[in-house]
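We have chain V already, so just place chain B on it with the hints.
Chains V and B, in that order, give the protein sequences.
Take the first sequence: its position 178, counting from 1, is numbered 178 in this note's numbering, and each next residue is one higher.
Take the second sequence: its position 52, counting from 1, is numbered 52 in this note's numbering, and each next residue is one higher.
Keep in mind that the hints were calculated from the coordinates and are not lab data.
Being a predicted model, the structure only gives us computed values, none of them experimental.
If we take Cβ atoms under 8 Å as the criterion, some of the chain B residues that face chain V in the derived model are:
id	residue
1	Y14
2	N17
3	L29
4	P30
5	V38
6	E61
7	A111
8	S113
9	C117
10	N145
11	Y170
Here are the simulated lysine to aspartate or glutamate pairs, EDC-like style, with alpha carbons at most 20 Å apart:
id	chain 1	residue 1	chain 2	residue 2
12	B	K2	V	D141
13	V	K68	B	D32
14	B	K68	V	D26
15	V	K131	V	E61
What the simulated footprint calls covered on chain V by chain B, stretch by stretch (three residues with Cβ under 8 Å from a Cβ of chain B suffice, anywhere in the stretch; the number is not a length):
id	stretch
16	141-147
17	160-172
Where is the CB? At the ideal position from N, CA and C, for every residue including glycine.
Number of protein chains: 2
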Amino acid sequence: MKQLEEKQLTTKEYYKNSFLKVTEDDIQLPNDKQAKRVVVHHPGGVNLIALDEHQRLILVEQYRYPVKKATLETPAGKIEPGEATIVTAKRELEEETGYTCETLTMIGRFATSPGFCDEYIENFLATNLKKLDYEVAGDEDEFINLYHVTKEEALTLIEEGRICDFKTIYAIQYLIIHHQW
Amino acid sequence: MKQLEEKQLTTKEYYKNSFLKVTEDDIQLPNDKQAKRVVVHHPGGVNLIALDEHQRLILVEQYRYPVKKATLETPAGKIEPGEATIVTAKRELEEETGYTCETLTMIGRFATSPGFCDEYIENFLATNLKKLDYEVAGDEDEFINLYHVTKEEALTLIEEGRICDFKTIYAIQYLIIHHQW
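Chain V extracted, bound-state conformation (with noise of 0.2 Å):
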């Protein structure tokens, strides 16, 4: 087995907001050459994935600008510095589906794209939701549209590039090979 760490010698920033990190580093690479590695730092994410009474999966329209196109996506949110992902899971599901639920299960932990980005979206099952009969305030600028699809919905979407990213794929996968959906 090859020994595979590479180690940190200096680090650069180049871009910096109120979320998100862009440095360059120099590294030592396990045969002692240096080599260049860009770091994209995010604080990372919670993924939802909740069925409602109907067992219908709810997702989230909104327009991806860096994919210029609105998707569909299971309901999602950054993680605030020092918050408990379990309390961000909570806040997003009632701010972007207007449901509560009683329980929140975290069923998996992964990185989004390893290579380049330390993001890792943790995912939860949110089970016996609720609808709130008041709605959470949410962000003023943020632009949603509500689904509740079933399973074949949900196929139908992923053939037509409506749904088109791996966490929501993930929940997708996960309902069918877990709870027979």
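Frame of chain V; chain B shown alone:
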């Protein structure tokens, strides 16, 4: 249904290397207010789902500097400019695993993190694998270990956090759902 589209007003580049670029754009929201959007521009990649002659999944162990650990992932690689993704897929399979295949089937194209990044990964199912009797020259500064794992071993590696990225989890779920793995 709310109108969702965001329109680009300006763009400014903050970082660029051989494969990745970071810009921050001023955009116009559906309510005509303005906002900023960071975009990490990535050429996209391919992901290979390859079972060997004993129905074991081929995985690559490599150090992932952004997440500061060695991970086990499905073989993958970045798309070169102008290259057909099926060509990328075949080359990455041969270079990283020492196997070639008779058939490559594109089974889905998913964004890794559409909130800030335009990266899509095309997922290929590689079938009728054959071991190459010669070594394909890869990147000399690429340090990898190869694994062939059963479904049970894959599930244990997920539990242990050594398999920890969405494209590899997707591959395992895909095999369980579509190949009775």
